[in-house]
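2 protein chains.
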Amino acid sequence: MSNSKPKLLQLLPAWSWLSHYSPVKFKSDVLASLIVVAMLVPQGMAYAMLAGLPPIMGLYASILPMILYAMLGSSSTLSIGPVAIISMMTFATLNPLFEVGSPVYIEAATLLALMVGIISLLLGLMRFGFLIQLISHPVIQSFIIASALLIAVGQFKFLVDVPLQANNLQQFVFSLLEYLHLIHWPSLVFGLLSIGLLIYLPKILKSQAVQSRIGSTDFLVRAVPLMLVALGILAVVYLNLQTQGIKTVGAIPSGFPPLSFPHWNWDLVLTLLPGATMIAMISFVESLSIAQATALQQRSQLNSNQELIALGIANISAGVSSAFPVTGSLSRTVVNADAGARTPMAGVLSSLLIILVSLFFTGFFEELPLAILAATIIVSIWKLVDFQPFMNAWRYSKADGIAMWVTFFGVVLIDISTGLIIGIISTFVLMLWRISRPHIAVVGLIEGTQHFRNVQRHQVLTSDQVLSLRIDENLSFLNANAFKGFLINAVSDKDQLKHVILNCSSISAIDLSALEMLEDLNTELSKLNIRLHFAEVKGPVMDRLQESKLLKHLSGRIYLTHYQAIRDLSPDLFNDHSKDYSI
Amino acid sequence: MSNSKPKLLQLLPAWSWLSHYSPVKFKSDVLASLIVVAMLVPQGMAYAMLAGLPPIMGLYASILPMILYAMLGSSSTLSIGPVAIISMMTFATLNPLFEVGSPVYIEAATLLALMVGIISLLLGLMRFGFLIQLISHPVIQSFIIASALLIAVGQFKFLVDVPLQANNLQQFVFSLLEYLHLIHWPSLVFGLLSIGLLIYLPKILKSQAVQSRIGSTDFLVRAVPLMLVALGILAVVYLNLQTQGIKTVGAIPSGFPPLSFPHWNWDLVLTLLPGATMIAMISFVESLSIAQATALQQRSQLNSNQELIALGIANISAGVSSAFPVTGSLSRTVVNADAGARTPMAGVLSSLLIILVSLFFTGFFEELPLAILAATIIVSIWKLVDFQPFMNAWRYSKADGIAMWVTFFGVVLIDISTGLIIGIISTFVLMLWRISRPHIAVVGLIEGTQHFRNVQRHQVLTSDQVLSLRIDENLSFLNANAFKGFLINAVSDKDQLKHVILNCSSISAIDLSALEMLEDLNTELSKLNIRLHFAEVKGPVMDRLQESKLLKHLSGRIYLTHYQAIRDLSPDLFNDHSKDYSI
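Residue numbers (UniProt numbering), protein chains in the order written: chain E, 1 to 583; chain F, 1 to 583.
Hints in this document: simulated from the structure, not taken from any laboratory.
These numbers were taken from a predicted model, which means no experiment stands behind them.
Some clues are possibly wrong.
If several chains are the same, the list does not tell them apart, and a pair holds so long as it fits within one copy or across any two.
[Unchecked claim] Calculated lysine to any residue pairs in the SDA-like style (CA-CA distance at most 20 Å, straight line):
hint, residue 1, residue 2
1, Lys552, Ser526
2, Lys538, Arg437
3, Lys27, Val320
4, Lys538, Leu122
5, Lys527, Val491
6, Lys247, Ala230
7, Lys157, Ser102
8, Lys549, Phe387
Working from the sequences, and respecting the hints, build out all of it.
Here's what the structure looks like:
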């Protein structure tokens, strides 16, 4: 919570933990990194495949970005690398432009990562981190759920080995019907078997652990995907499954990720810009919300602009090391923290382990069936598909519920980016809509107090000569007309009306349109011999009104409190109980 | 203000005045209609020219629409017909599509009127009149000023007789420079002379009236354009000015406006749709604001949906009677009311007079110089170009000032429709921006009262163990992070803090994102042994919170008043003056 650190340290948070590093911390960091890498190897390859890229790029995407984030990021446990939703968005951006998996497609993916990095870096340097506020939680939540659904059905093509399209749900259904007769049954059986193992093996392991009183089986449980991968490879090799038409990953080059700057083609850059912006935004949202959750646990402060910078540099490094857009992974971050990662060194170690894998072990994965990778994605992503949040949001607030459903249907019925944009816009529209329909109440005095409450909700004192109104919203062009209409109706009911008191306790701003409306209202009411008064005007509002025509021509007065106003204008209410009021 | 009229009468307001009509009213209506027609004939022809159409269409546009509005509209003085800004928007919509003045251009103009009518009618029937609130007053004002500027410079082409383009200001400047050598000097002299007469003749007439103590010269003053038109025609005919290259209106067909349904071409309809929507919106804004002003004077109620319906039918009638989009004219409405129009019959009579003109007097206008019509437009529109409103808005509120300048520069530098849209969007963005930067104050007790005020603005009592906060805005996704950041900073300054009281008197809504933020905050503060309390929560907000996790897990309490909270949590503040508080 302190901002007293020297400037340089703020830019390179790594110093603060490197200077206090110890062998004890190193031991827990090593353990955490081993567990994370056991998850990361199959996930990385699967997510690369999800992005329409060679599986090895999933490993590349975990090397440089992870080291650089460890140096620059402000979260000590955030695990950066390939993530399902970002991979899906990469696919959605590039799929319409190039043949999936072709050299230009791959080149464009690295360019996309570079652009995402540059955009994030610039936003961070310009201190635009606050822009994240534009996306409401329900929209993010719905976006993640809907994307998870699309990702899961999208992986189905690897289970049935036909080129299904799944940019949206109806496309998936139609292409499934079209290719129904081409389904490759051995792949499907293999894939469903994998899904079954991925779901039940962890459960069996856990119950065994309980029965046999073995200590933690966490590592084993988390290594289940890796074990399945190994089993799958063995099955392919020893049962010669390729003759059955089971597709495998195929030849994987070994070695360091090739470092090269992607070809900067301005036409392509402009075409990719909207997609890159969306990916930058979502990767920031994901990364920051994960980092925030862990930061709370550790009582460390998080600087959103610093996060943008770290994420930007991580993505730039992905772009120049033959990888694709990356961000913080929720599943791996949680595992990393649970496994005892003490410092970002855990991330550095994970990255070094991945380098070892890419240098010496890529050969192992050549016979890995694609259906197993798809099963990995489906099982891990399907956990996110949950409709309870929709019900909860709808119950608490219709506006939030609507925004969630709009986002959901936008994503699953149109596409992932359009859905998100529609969802964000819907929150703005709903907010403006709410502002345009303010809650306005006629209020009265609660007997024996100085408090005023809605006449429809409470037993209160009112007078025939005085109308007290409260509007629970700032007055602006969006609701000036509605307020005027309400007031005119309220006035028309009362023949003996002499005074209108507007309680301004909920008004923090009056814009010019509303000011003009109030001026008109003042004139109009004057002609009917009704005086307009204001009570409980806030300081900042009063400052602005000071020089307006409204105050110059106001037929009534400005009262500090509504109670004062009512004492002054309607003394008859206090005949039998003339109490002091302390102002 | 009463809604007790039978349904049918609400739909056809004409019954209410027709049934009480009298000879006295007729006399004043006749006088008013004569004066209006004296203005309308030159204006109508000039605005038709402004729209790129034959002058006769300006007369057609004043016949059916005027009669129908008189029957259906709720304002008794609104004078409907061709209006400068709508004509300009018609030109801006059609100019890029067809050659100006060609048969397809003319056909498209009638189709446009029909579409504007249908859109308005549908909006009215669906009771969407409230949509007008989406445009703030400053944006409308700035739009009108900027359009007036563009219209005035746009007419310059008739003064110099070269085909200048003026969709925006820089286009005008560049095309003026391009055509500088082609300027037709006799036309320019003729035009400038007309402008001079239009400006000074009314002044001379008025001062003469004062000197010679003649009664009202209003009629004469208002007929100045018509007199100038007559003078111009005489000059052309007797001085044979056409040999000097002075362009005139040329042959005008006489007779009733040809009635025909414009050819409904779906491709063209879709192309015109954005333009038609904008025109419908602006014609509604103009018409309604004029009608509102006069309705106030007459204490009659105005139904915005009824106005939309009347305007829609008026435009549909324009579309089927060889005219172009129409709306209420400010200048003619004011003249109509000033001249003593008592009922909408004045409009019916004006319309009958225009029929007479189109039947028998069109021949007179054949020799009318275009430069005179242009001068009429320039002089009448230039009065609107005034930058004082920009200064006033800027002084009162930076947001309104910015919106005005954005609209202004959008209109004059891009084009009239784009400028308006940019202006409207800017008001939304500025509103969301303001919401995202709420005013949050640490408050303290004003000694001897029950009132709390900003510690930075007032001398107040505070305690080291209790932090009192007030946010002057609804809590939503746009400001949840900002609020949390403010609170965390405020908390970090106080070591002995035990309680945080959030004063909710300005909060009328808490959305789901903000609710989740408050839940997090409650958990987080609990871990620091700080309890979170709420005070002065409004009824509707409380209703919603009732079932939330926030209330279930809240570490502190909900207090009816902030004073109660502080008495309870910080009794030390009241040691020396233990006063009663009445709740």
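- Message: Run through the hints listed earlier and report the numbers of any the structure violates, in increasing order.
- Response: The structure breaks hints 3, 4; every other hint is satisfied.
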